[in-house]
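Number of protein chains: 2
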Amino acid sequence: MTTEFELIARIAALFGAPEGVAVGIGDDGAVLDPGRFDLVTMDTMVEGVHFDRDWSSPQDVGWKLLASNLSDIAAMGGGPGAFFLSMALPAALDPGWPEGVLEGIKEAARALVPESFEVSAGGGDLSSTHGPIVLTMTLMGEASPAGPVLRRGAVPGDRIVLLGQTGLAAAGLAILRGDVDVEPGQFACALRAHRRPGAQVRAGALLGLYGVPSAMIDVSDGLVQDLGHILKASEVGARLEAYSLPHHPELVMLREEYGVDILRLMLTGGDDYELLMTIPPARMPKIWDMARRHSWDVHDIGEVRSPDEGLVVLGPEGEPVVFEHGGYRHFEAK
Amino acid sequence: MTTEFELIARIAALFGAPEGVAVGIGDDGAVLDPGRFDLVTMDTMVEGVHFDRDWSSPQDVGWKLLASNLSDIAAMGGGPGAFFLSMALPAALDPGWPEGVLEGIKEAARALVPESFEVSAGGGDLSSTHGPIVLTMTLMGEASPAGPVLRRGAVPGDRIVLLGQTGLAAAGLAILRGDVDVEPGQFACALRAHRRPGAQVRAGALLGLYGVPSAMIDVSDGLVQDLGHILKASEVGARLEAYSLPHHPELVMLREEYGVDILRLMLTGGDDYELLMTIPPARMPKIWDMARRHSWDVHDIGEVRSPDEGLVVLGPEGEPVVFEHGGYRHFEAK
Chain A
196 MTTEFELIAR
206 IAALFGAPEG
216 VAVGIGDDGA
226 VLDPGRFDLV
236 TMDTMVEGVH
246 FDRDWSSPQD
256 VGWKLLASNL
266 SDIAAMGGGP
276 GAFFLSMALP
286 AALDPGWPEG
296 VLEGIKEAAR
306 ALVPESFEVS
316 AGGGDLSSTH
326 GPIVLTMTLM
336 GEASPAGPVL
346 RRGAVPGDRI
356 VLLGQTGLAA
366 AGLAILRGDV
376 DVEPGQFACA
386 LRAHRRPGAQ
396 VRAGALLGLY
406 GVPSAMIDVS
416 DGLVQDLGHI
426 LKASEVGARL
436 EAYSLPHHPE
446 LVMLREEYGV
456 DILRLMLTGG
466 DDYELLMTIP
476 PARMPKIWDM
486 ARRHSWDVHD
496 IGEVRSPDEG
506 LVVLGPEGEP
516 VVFEHGGYRH
526 FEAK
Chain B
196 MTTEFELIAR
206 IAALFGAPEG
216 VAVGIGDDGA
226 VLDPGRFDLV
236 TMDTMVEGVH
246 FDRDWSSPQD
256 VGWKLLASNL
266 SDIAAMGGGP
276 GAFFLSMALP
286 AALDPGWPEG
296 VLEGIKEAAR
306 ALVPESFEVS
316 AGGGDLSSTH
326 GPIVLTMTLM
336 GEASPAGPVL
346 RRGAVPGDRI
356 VLLGQTGLAA
366 AGLAILRGDV
376 DVEPGQFACA
386 LRAHRRPGAQ
396 VRAGALLGLY
406 GVPSAMIDVS
416 DGLVQDLGHI
426 LKASEVGARL
436 EAYSLPHHPE
446 LVMLREEYGV
456 DILRLMLTGG
466 DDYELLMTIP
476 PARMPKIWDM
486 ARRHSWDVHD
496 IGEVRSPDEG
506 LVVLGPEGEP
516 VVFEHGGYRH
526 FEAK
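Chains as they are written, first to last, in the numbering used here: chain A, 196 to 529; chain B, 196 to 529.
It should be emphasised that the hints constitute simulated quantities derived from the structure, not laboratory data. Quick caveat, the model's predicted, so the values are computed rather than measured. A portion of the hints provided could be inaccurate.
Identical chains share a label here; the pair holds if one copy fits it or two copies do between them.
Below are the DMTMM-like pairs computed for lysine to aspartate or glutamate, each with C-alpha atoms no more than 20 Å apart in a straight line [stated by the list, open to error]:
#1 K427 / E201
#2 K481 / E214
#3 K427 / E199
#4 K427 / D503
#5 K427 / D416
#6 K481 / E512
#7 K481 / E498
Please construct the entire structure, taking both the sequences and the accompanying hints into account.
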């Protein structure tokens, strides 16, 4: 097993002088620059639950751990800063594995974080375990000057807007698991969406800065479930128009050539790390303008309604779709 | 398994309105009061490594998790605030277990944190695992107005001061493990030191406020190893006078009646969560004064020396003791 000291040296080499951190790794705790960070997220990845060493490299796992935390900060309309990493590692693990995790975090920071922010290592903890690898990251961030964007804030009449696409990461996982018998080489985007998801870091920060969304969340549990979180926090209902959802070409191929139920993937598949928001009609021109300027993939996919309407999902033909026990069924009428 | 929602409801019921946290559990992340927290610690406890369900109740485990983090903040001379908790739990686990952890955290907060600070729940993450339980806590804190106390800062001539006692938690673990064949009922303090360690929250904050220590650390890895961290960070040497260490009556009983090598426990035993600091001679009257006023258990146990002297440990008879590979041996002369 890599010693704590070797790993600390590796972190220091990879992440250098930590922006926003006055005292980082090597004391009892970290000292942050006063007043710098006011957002905190925490995400855990467990081997055998969130990742499999057969399907994902340590770099993939590190990448995804940072991406999932970045996505939470983006969903609050803020920008990322210092992270803290706990790794529980089996004694027999190849020392290259935790180093690979650090490299993956660094690669994700380079690829996903715009220059206006810097992701730095503030500290962490290293433990041994007799079981599967468990990684926990706490990421600090800065809310925009306009304040954080919360899940509460949606009001009836707001449009429901998706920035990005859903279902691709779940498709990638299904392919890796062998649930679908396909040639993986044809599905590079789906595999990448599972292994190295993006995070809408720049978009989240800009949306927060311009105060565009009334509520926002990142799509990590699945579109319908995450929309449900906004509805519950905002005490409203919604009509989700599934026919307006974007269909990635690889999803279309999965449906056309392999008969996969891609609607289920798009509505309930997790780990997309895209942004789901509600926007008052008067601010819709602003999001279209931003989408054009920044080449964002923006989709108007429904409307916030009064709470007594609950959540109604309209399927591809406009028919209501009802969800039960993690699955769903189509109905003829509501 | 307890659902995430039931546990969140339990956290909310136990920890109420979070002091210092504008938006807590229930959004993508937490929003902290601006400028409030500038210290961060992170500690992980792994079942089978840091605790055993046969020896510790879930309340014990929750207590110890908070205590270890509180101790890190105390060692920086600051005060604690919001915590973030990740729990990776086996699906078959009794739902009462994670609830017990929360109760233990609450009990430790009540018992160890003075009224001038409030420990609140800022958020967290709940995962399933196919392996042992893994708990990670990130605790935010506030440095004193005088600034944080770091590990670097010790200079030759400073006295080495221990607040509290070492070796008792390691004795408790040895008894629970059956390494020593004793009647556990005789060793209530040792068992408690392992299961429900204290944390010098009030003392740490006061020492930071009055700027007494030149460097400070909490004793979690063992006295000699933790002193080594101060020496390395401060680039100094030291003479540790083991004959000045306090001997708890239960340790004395272990030596007298069972022949246990208690010097080893006192010098290398972990998990004591006491405070080890260096203090310039001119400020020693201040610590004695504080010790009298607050009934602190303070011991002057050595001196900071020049870096070329390294770390010299003088045993019970004043003879040098040399440490090797986690053990140690006595020498006739240096």
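Quick rundown of the hints versus the structure:
1. K427 / E201: Only across copies: K427 and E201 sit 16 Å apart there, 46 Å inside one copy, limit 20 Å.
2. K481 / E214: For K481 and E214, neither the intra-copy (32 Å) nor the inter-copy (36 Å) Cα distance is at most 20 Å.
3. K427 / E199: Between copies only: 15 Å across, 43 Å inside.
4. K427 / D503: So K427 and D503 pass the 20 Å test inside one copy only (12 Å; across, 64 Å).
5. K427 / D416: within (15 Å within a copy, 45 Å between copies)
6. K481 / E512: neither (30 Å within a copy, 79 Å between copies)
7. K481 / E498: Classified as within: same-chain Cα gap 17 Å, cross-chain 66 Å, threshold 20 Å.
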